[in-house]
Amino acid sequence: MAVETLGGAFGAATRKGRGHSFATPAVLAATLVLLYLWVSTRQLDSMEARVLSAAFIRDAALTHLTVTAVSASLVVVIAIPLGVLLTRPFARRLAPWVMAAANAGQAAPALGVLVLLSILFGIGTRIAVVTLVLHATLPVLRNTIAGIQQVDTALLEAGRGMGMSRGQILRRLELPLAVPVVMAGLRTTIVICVGIATVATFINAGGLGDIIVAGIKLQRTSILVTGGVLTAVIALALDWLAGLAEKYVRPHGI
Amino acid sequence: MSDIKLVDVTKQYEGQPQPAVDAVSLDIAAGELVVFVGPSGCGKTTTMKMINRLIEPTSGQILLGGADVMSIEPNELRRHIGYVIQQIGLFPHMTISENIQLVPGLLGWNRDRSRRRADELLDLVGLDPAAYRDRYPRQLSGGQQQRVGVARALAADPPVMLMDEPFGATDPITRERLQKEFLRLQAELRKTIVFVTHDFDEAVKLGDRIAVLKERSRVAQYDTPARILAAPADDYVASFAGSATAIKRLALIPAVRLPGEPLDERDGLPVLERGGSARDALDLMVRRGTSRVAVGDRTVDFAMICALLEDEHGR
Amino acid sequence: MDFSRYLERRWDDLLEQAVQHAAVVALSVLLATAIGVLVGVLTWRSARASGAAISVSAALLTIPSLALLALLIPLLGLGWAPTVVALVVYSLLPIIRNTVAGLRGVDPAILESARGMGLTGRQTMWRIQLPLAWPIILTGVRVSTQMLFAIATIAAYVAGPGLGNEILSGLAGLGSANALNKAVAGTAGVVLLALAFDLAFVGLRRVTTPRGLRV
Ligand SMILES: Nc1ncnc2c1ncn2[C@@H]1O[C@H](COP(=O)(O)OP(=O)(O)OP(=O)(O)O)[C@@H](O)[C@H]1O
Ligand SMILES: [Mg+2]
Chain C
1 MAVETLGGAF
11 GAATRKGRGH
21 SFATPAVLAA
31 TLVLLYLWVS
41 TRQLDSMEAR
51 VLSAAFIRDA
61 ALTHLTVTAV
71 SASLVVVIAI
81 PLGVLLTRPF
91 ARRLAPWVMA
101 AANAGQAAPA
111 LGVLVLLSIL
121 FGIGTRIAVV
131 TLVLHATLPV
141 LRNTIAGIQQ
151 VDTALLEAGR
161 GMGMSRGQIL
171 RRLELPLAVP
181 VVMAGLRTTI
191 VICVGIATVA
201 TFINAGGLGD
211 IIVAGIKLQR
221 TSILVTGGVL
231 TAVIALALDW
241 LAGLAEKYVR
251 PHGI
Chain D
1 MSDIKLVDVT
11 KQYEGQPQPA
21 VDAVSLDIAA
31 GELVVFVGPS
41 GCGKTTTMKM
51 INRLIEPTSG
61 QILLGGADVM
71 SIEPNELRRH
81 IGYVIQQIGL
91 FPHMTISENI
101 QLVPGLLGWN
111 RDRSRRRADE
121 LLDLVGLDPA
131 AYRDRYPRQL
141 SGGQQQRVGV
151 ARALAADPPV
161 MLMDEPFGAT
171 DPITRERLQK
181 EFLRLQAELR
191 KTIVFVTHDF
201 DEAVKLGDRI
211 AVLKERSRVA
221 QYDTPARILA
231 APADDYVASF
241 AGSATAIKRL
251 ALIPAVRLPG
261 EPLDERDGLP
271 VLERGGSARD
281 ALDLMVRRGT
291 SRVAVGDRTV
301 DFAMICALLE
311 DEHGR
Chain X
1 MDFSRYLERR
11 WDDLLEQAVQ
21 HAAVVALSVL
31 LATAIGVLVG
41 VLTWRSARAS
51 GAAISVSAAL
61 LTIPSLALLA
71 LLIPLLGLGW
81 APTVVALVVY
91 SLLPIIRNTV
101 AGLRGVDPAI
111 LESARGMGLT
121 GRQTMWRIQL
131 PLAWPIILTG
141 VRVSTQMLFA
151 IATIAAYVAG
161 PGLGNEILSG
171 LAGLGSANAL
181 NKAVAGTAGV
191 VLLALAFDLA
201 FVGLRRVTTP
211 RGLRV
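Protein chains in written order, with the UniProt record's numbering: chain C, 1 to 254; chain D, 1 to 315; chain X, 1 to 215.
Possibly wrong hints are sitting among the right ones.
Derived coverage of chain X by chain C (criterion: at least 3 residues anywhere in the stretch with Cβ under 8 Å from a Cβ of chain C; other residues may be distant) [unchecked claim]: (1) 31-38; (2) 57-68; (3) 139-151; (4) 158-168; (5) 191-202.
It is worth saying that the hints were derived from the structure and are not from the lab.
Here a beta-carbon is modelled for each residue, glycine too, at the ideal position from N, C-alpha and C.
Same shape as in the complex, but just chain C (with noise of 0.2 Å):
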């Protein structure tokens, strides 16, 4: 959630220089054996036992996961044919208009617009993969007409000289070249729809969430600590994977 601007903050930029050592993982690792041996070494009463069973975690990890791959592909699905139909000639005029409008939705508050939408339509899970997606789109969208429009006019240009087609352009030229700024996106995305999922405990939807509110309610330290370190270590082993996927899938010779 604290990223939820993330898009906004940092328009098409890549971000760049992160997530490719492996001292990320390690660090993660480390903290939660750290944490197992805290929590384990201390005499827990019959709350926290409850929240802190290995099959309380388990769920709401499950949840979280769950709740943030089912929007970041739905986020996918969406907005990358979403703008690449804007980068099309036909399209193009649209596309400031359309950015435009997602920015302004952007500045809404997404704890807003989960309680709005769970007051207009009901609370639970699927609300709050409404509320990520509409949320989470901006970065990919936006990524990927930068991206697509920031390939080089004379490649087209020596495309359409070859003889391609414009199918074959956006195949072959466009959508390649496009790749690693749409990754840049989509690393954001992922750390924005975790953030959010993390809140979706509010309405009923599970997730990390759970163990958080779970320890503030009951006043437990122990709770807290073991919430606050799990979301945290999850969201940034999510970043990290995404970043070395963003590595990995760049195409060669960029």
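Using the hints provided, position chains D and X with the ligands relative to the given structure of chain C.
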């Protein structure tokens, strides 16, 4: 006073096979304009920057008015040495006047005095203070900016100026005008100036003396422009000075710099106008059918100029 | 009750929440600017140091805000303290990054001039580099501020100040007559505040950018 003395100055950059400046010794008299000239990368800039300690020498000594520069606090030293670079480097967020007032301010001058000084200097470099003092650097042309650069370096009336290709980035016409104004300025101010260029013509035009440098900043010849043209020390200097344009070079040498004899008023010689070059003197002789002309309080003769040319062609 | 009636009746409360929301964001951004610019000034020269500062602040920004707030509670309790700390942490990245970029962007010829004229390192920083980098730094501050308005709503859950309380009380009253009014008022309020601040930044930029950079 403000003479500069380089004694066996060496600069070895980290990780370079050879020193960039290798045991250079040079005396620069107070009030003298010395030009360092040499091919790109020969170490002119490095040599010059060691004088105001923008670069620290590896060994050797630099004396400024007899004092070792290494014994002076670097910022204090720099505030008393004017510094002009090719990229000018005016501060874009300060007005022209504020740019000029900066060093006086650092030296603790009061506002009024700095302000008056800025106006005075703008006047001196040919910019109307009323029109320019409150403008910003971006509102000036390149040539105007370079004039401000010179004015800024002169702000605290430093006895010494270091100038690294100050006119290098200007177009030929502007450059020529700046050079002329600069000569006029120097005639008035008599600063000790080290002037770096790789343009030999510029060196001849401006320098009281020229230090022709070769690789590692070794001094190939250190002499007046006329004598370097007339008697290059070696092939390197000769090739650097070039010979094809010998006649043209005469136009670069101010006639007052030529060796001559005291003038006897009774001879009634044609008088060369002030600021005339050796070429102008030759011209005057040919038109008047004489072999001597009066230059200021001396005479210059045909044989002397021919000797200049012959020396060049004889090689 | 329709929305306008609701606004009318609750105007004073809403205004107070809006003021608190703006105050907590402004305070956090001011603190973050002081810290971020200092970090930028100390690290810009070294690619490694500034890279580390940027990586760390980027990693911090990746942590979901509810998680960070949860981790701060054992240390700072509830209310303003964890809110301000979390908001400061989240605004560091854009400010540090832009400070580094702004300082790096100063023309080397200008720095050489400054050195050649005898300005000390500190004088060069204060009188030359920071003024020249300021427009870029301010852009970073602006980006951070926009981000914080949204994040600050979540702090209401740990008893932080601001319009998040309005949104959460809408959620708490789910099904009641005023739930929707509350959620709309809170959400729209945050959007309007963010917009107003963004406009203020346009003005601030104009006022604080040295005139010589605008001509
Ligand atoms: N900071 C540095 N580190 C390493 N080597 C340097 C450094 N600065 C200059 N050099 C080297 O020292 C030599 C002299 O450089 P210098 O800048 O003094 O030449 P220059 O005569 O002023 O050339 P130009 O006419 O191109 O300005 C060059 O070979 C250059 O590559
Ligand atoms: Mg040089």
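Of the hints stated earlier, which fail here?
-> 1
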